[in-house]
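As they're listed, the protein sequences go chains A and B. Position one of the first sequence corresponds to residue 1 (this note's numbering), numbered consecutively onward. Position one of the second sequence corresponds to residue 1 (this note's numbering), numbered consecutively onward.
Read the hints as simulated data drawn from the structure, not as lab findings. By construction, the Cβ of each residue, glycine as well, lies at the ideal position given by its N, Cα and C atoms. One thing to keep in mind: the hints can contain errors.
[What the hints assert, rightly or not] So the derived list for chain A, only partly shown, Cβ under 8 Å to chain B, looks like this: (1) 87; (2) 99; (3) 102.
[Unchecked claim] Below, a list of computed lysine-lysine pairs in the DSS-like style, where the Cα atoms sit at most 27 Å apart: (4) B:129 with A:130; (5) A:107 with A:167; (6) A:330 with A:245; (7) B:30 with A:71; (8) A:245 with A:130; (9) A:112 with A:178.
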Amino acid sequence: MGFLDIKNATKSYGSMQVLHETNISVEEGEFLVLVGPSGCGKSTLLNMIAGLEEITSGEIAIRGRSMNGVKPADRNIAMVFQSYALYPNMTVSGNIAFGMEMHGIAKPERAKRIDQVADLLQITHLLDRKPGQLSGGQRQRVAMGRALVREPDVFLFDEPLSNLDAKLRVDMRTEIKKLHQKLGTTIVYVTHDQIEALTLSTRIAVMFGGYVQQLGTPKEIYDNPANMFVAGFMGSPSMNLFPAKVVSSNGRPAAEVRLATGSTAAIPFAGEALSSSVGRDIILGIRPEAITDQDGADRNSRAIHVVEAPVEVTEPAGSDTFVVSQVSGKDVTGRFRADVSVRAGDVFPFAFNMEKAVAFDPQSENRIA
Amino acid sequence: MSTAPNSTTFDPAQSGNADSQKRTWLHAVKPARIILYLLLGLFSIYYLLPLYVMVTNSLKPLSEITAGGMMALPQEWTIAPWLSAWSSAQIGVDATGLRPYFINSIVMVVPAVALSTIIGALNGYVLTKWTFRGATVLFGLLLFGCFIPFQMVLIPMARMLGLMGLAGTVPGLIFVHLVYGIGFSTLYFRNYYAAFPTELVRAAQIDGAGFFRIFYRILLPSSGPIAVVCIIWQFTNIWNDFLFGASFSDFDSQPMTVALNNLVQSSHGVKEYNVHFAGAIMAALPTLFVYIVAGRYFVRGLMAGSVKG
Numbered sequence: 001m002g003f004l005d006i007k008n009a010t011k012s013y014g015s016m017q018v019l020h021e022t023n024i025s026v027e028e029g030e031f032l033v034l035v036g037p038s039g040c041g042k043s044t045l046l047n048m049i050a051g052l053e054e055i056t057s058g059e060i061a062i063r064g065r066s067m068n069g070v071k072p073a074d075r076n077i078a079m080v081f082q083s084y085a086l087y088p089n090m091t092v093s094g095n096i097a098f099g100m101e102m103h104g105i106a107k108p109e110r111a112k113r114i115d116q117v118a119d120l121l122q123i124t125h126l127l128d129r130k131p132g133q134l135s136g137g138q139r140q141r142v143a144m145g146r147a148l149v150r151e152p153d154v155f156l157f158d159e160p161l162s163n164l165d166a167k168l169r170v171d172m173r174t175e176i177k178k179l180h181q182k183l184g185t186t187i188v189y190v191t192h193d194q195i196e197a198l199t200l201s202t203r204i205a206v207m208f209g210g211y212v213q214q215l216g217t218p219k220e221i222y223d224n225p226a227n228m229f230v231a232g233f234m235g236s237p238s239m240n241l242f243p244a245k246v247v248s249s250n251g252r253p254a255a256e257v258r259l260a261t262g263s264t265a266a267i268p269f270a271g272e273a274l275s276s277s278v279g280r281d282i283i284l285g286i287r288p289e290a291i292t293d294q295d296g297a298d299r300n301s302r303a304i305h306v307v308e309a310p311v312e313v314t315e316p317a318g319s320d321t322f323v324v325s326q327v328s329g330k331d332v333t334g335r336f337r338a339d340v341s342v343r344a345g346d347v348f349p350f351a352f353n354m355e356k357a358v359a360f361d362p363q364s365e366n367r368i369a
Numbered sequence: 001m002s003t004a005p006n007s008t009t010f011d012p013a014q015s016g017n018a019d020s021q022k023r024t025w026l027h028a029v030k031p032a033r034i035i036l037y038l039l040l041g042l043f044s045i046y047y048l049l050p051l052y053v054m055v056t057n058s059l060k061p062l063s064e065i066t067a068g069g070m071m072a073l074p075q076e077w078t079i080a081p082w083l084s085a086w087s088s089a090q091i092g093v094d095a096t097g098l099r100p101y102f103i104n105s106i107v108m109v110v111p112a113v114a115l116s117t118i119i120g121a122l123n124g125y126v127l128t129k130w131t132f133r134g135a136t137v138l139f140g141l142l143l144f145g146c147f148i149p150f151q152m153v154l155i156p157m158a159r160m161l162g163l164m165g166l167a168g169t170v171p172g173l174i175f176v177h178l179v180y181g182i183g184f185s186t187l188y189f190r191n192y193y194a195a196f197p198t199e200l201v202r203a204a205q206i207d208g209a210g211f212f213r214i215f216y217r218i219l220l221p222s223s224g225p226i227a228v229v230c231i232i233w234q235f236t237n238i239w240n241d242f243l244f245g246a247s248f249s250d251f252d253s254q255p256m257t258v259a260l261n262n263l264v265q266s267s268h269g270v271k272e273y274n275v276h277f278a279g280a281i282m283a284a285l286p287t288l289f290v291y292i293v294a295g296r297y298f299v300r301g302l303m304a305g306s307v308k309g
């Protein structure tokens, strides 16, 4: 049993089920990120943990105590909202104190805790201002201060960075991570941004269509996606997914693909997992950083296979150059070193690191190897 | 003219700018504009004329009015008509002046406005932040209530007041105005609170505030503009109401409007026009006062829903 237990929790509005049976157990001090496209049920799940939405069936427990039917105020949680939800008529210190006031904490204690939190978040000079006089980043800090001062069991973050501009978002992301490392609190964090999910979390739950598609550490999610949705959603640029056929090449299973020139190439797999599936159609998944120029290939990999393929487009991105080629009718992006001289129209050797390749069933979209 | 230089340092570009501004201003005074202002001035005189007539005639002896000097300034200034209208004029059977009826109106208006505003605010809060199945239908019915003609409810309402034992009393009038007022005040507050971020309510819930505490700590402090709109609207309507006042009141519970009518219509003796004018101004003063005090919030509040602050 974990610190925060979600057991068979579901949510329906009338006949429409927005969250199917969900089981997640969060340990104390974990940073769980719920990530997925809009409408996947992640915010609903967060609101169910907060007590703002009722649970249709199942149970949510914090510290072993069932939270079904417990009011949000009595769950010992704190939440940071996307719009920050600062009370416009109160000063910053009033905002931070409100929750403590409602919970009957004495004034001297309140003042002490406000000072501590303001010091931690470097907002001491803002305490007497109204939210309307603050910038986006400052409001964000105040919203976090309001949550921190409660010293809750679980922090809930609902897309807290999506209203900030790109640079500030990266800065605040680092701050949140630092804060988590320093305080060791348990956090459940909702976002649609897969980079935020990968950088912040200790574990990720990728959600889609009301189901948790995969629950695991960022590395597991990134390297071993459970299905094509997770593979395509996590990572930027996203994983290349293209049809292939399992063939036998020199006694080893290989993926046969069609190149833009019309010829086919057989790329041998690193493992033997598909040796009994010769003849089967699969979807091959391979991340852009596993398709490189020959010199840029991973030296530790034992399964580099070079394919000569025509280059369709090059996209220099400063630190790398993304090179696109047509494979089996799909655009496949490789991540080349920035100084490789490659031009559109050339036929160029692409080095496939097949240790990083995964295979999916085209019908069920589930992982098969 | 906001760009006119106000710094002390000399800047040729800026002073040149000021020159050109002066020129354009002079340039703007064209004959068409003069005619426009003359016309506007004429219209404002036309609109202010009744007020002038009322004020001047309420300050002169009756003999000056009956002699035909309606438009003239008083030759002999007097406040006697005002004193008479207030405390000694014949109204109905008693020579009490308008004072008791003025008090009746105040006693009726203040609770009716306060209660309908508070209930409207609560309704708006529930209809937007604690919605329930059928909330939209309920709101639709409340809105429908706004547009039921007064005449239609006279007889059922008389029966209701009789059953409640409130017939012919000031509390009875308060009840009638409250029932009619809630529709409008709910409409105002519902639309205002619909634009109020629900996340604030959720944050307060998590912070541990209950239903009423969220209402008066979070929503009410931000409701100033719409409250002013609602108060002005309710105050003007209830104060100026004649039909309910005439239908549901007794001699000792008549509001100001009904008493003013009785003063003007009283058939015996001489028609004291100066006293009538003074009484009419008295009946209009409270609404005028409310407009002057809160008028600028009125416009601001009406705009509040449309423009994001």
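Check each numbered hint against the structure and report the violated ones by number, ascending.
5, 7, 8
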